[in-house]
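*Asks:* The primary structure of each chain is shown beneath.
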Amino acid sequence: EAGVAQSPRYKIIEKRQSVAFWCNPISGHATLYWYQQILGQGPKLLIQFQNNGVVDDSQLPKDRFSAERLKGVDSTLKIQPAKLEDSAVYLCASSFSYEGQETQYFGPGTRLLVL
Amino acid sequence: AQSVTQLGSHVSVSEGALVLLRCNYSSSVPPYLFWYVQYPNQGLQLLLKYTTGATLVKGINGFEAEFKKSETSFHLTKPSAHMSDAAEYFCAVTYTGTASKLTFGTGTRLQVTL
Chain R
1 EAGVAQSPRY KIIEKRQSVA FWCNPISGHA TLYWYQQILG QGPKLLIQFQ
51 NNGVVDDSQL PKDRFSAERL KGVDSTLKIQ PAKLEDSAVY LCASSFSYEG
101 QETQYFGPGT RLLVL
Chain S
1 AQSVTQLGSH VSVSEGALVL LRCNYSSSVP PYLFWYVQYP NQGLQLLLKY
51 TTGATLVKGI NGFEAEFKKS ETSFHLTKPS AHMSDAAEYF CAVTYTGTAS
101 KLTFGTGTRL QVTL
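Protein chains in written order, with this note's numbering: chain R, 1 to 115; chain S, 1 to 114.
No lab work stands behind these hints: they were computed from the structure.
This one's a predicted model, so the numbers in the text were calculated from it and none came from an experiment.
Think of the CB as a built atom: it goes at the ideal place given N, C-alpha and C, for glycine as much as any other residue.
Incorrect hints may have been included.
Keeping only pairs whose Cα atoms sit at most 30 Å apart, straight-line, the calculated DSS-like set for lysine-lysine is [what the hints assert, rightly or not]:
1) Lys44(R) x Lys69(S)
2) Lys71(R) x Lys101(S)
3) Lys69(S) x Lys49(S)
4) Lys44(R) x Lys68(S)
5) Lys44(R) x Lys71(R)
6) Lys68(S) x Lys101(S)
7) Lys62(R) x Lys101(S)
8) Lys101(S) x Lys83(R)
9) Lys58(S) x Lys44(R)
10) Lys78(R) x Lys101(S)
11) Lys44(R) x Lys101(S)
12) Lys44(R) x Lys49(S)
13) Lys101(S) x Lys11(R)
Stretch by stretch, here's where chain S covers chain R in the computed footprint (C-beta under 8 Å, at least three residues) [said to hold, decoys possible]:
14) 37–51
15) 106–113
Based on the sequences and whatever the hints tell you, model everything.
*Replies:* This is the structure we're talking about:
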């Protein structure tokens, strides 16, 4: 079974530029998550999709971050404009529920450096 | 509100020694608890999870964890460390109300020395 795919793996941009990350979840997984992992910290949830609808985006900085999941499969996360503090690893995860239990599977992440 | 606390941001053990990584949780309802491992430049990989039932949970790579409600703990152990165990380990919690919303600890970096 193929895992969660993410691209690019690395990105370096200057502040105020825009950047986009792409995620392809595991086939059949209805739920998709984007996390931000700042160096030395645990992942923090940015947004959760169920199929193509947003379930939770309470911690997404909506003035600069946006995300979409067209057709309930792939997803993109965009930052516009980027700030220095956005330097982090952006992790995508997907999951499905079975008998009320759920396990998230993570992609390799996109490492963003904002200069 | 739910949270997890991982005691010790860095743990160093000798190869062959016992590995003990500590995790305490705070949850107002019965928790689901997870341990994930992250190797350099990779995503998180699930080691093991506790949902209901047996409190001693066995995972991959010889790791296990015991859910102790009275101590609100879910410590990760491995009897004998291997060099390949060197990585960052994250404890995470969610609760039955929203089984999907994971809250992660700050992580513990495990170093294994010869």
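*Asks:* Give me the numbers of the hints this structure contradicts, sorted from smallest to largest.
*Replies:* none
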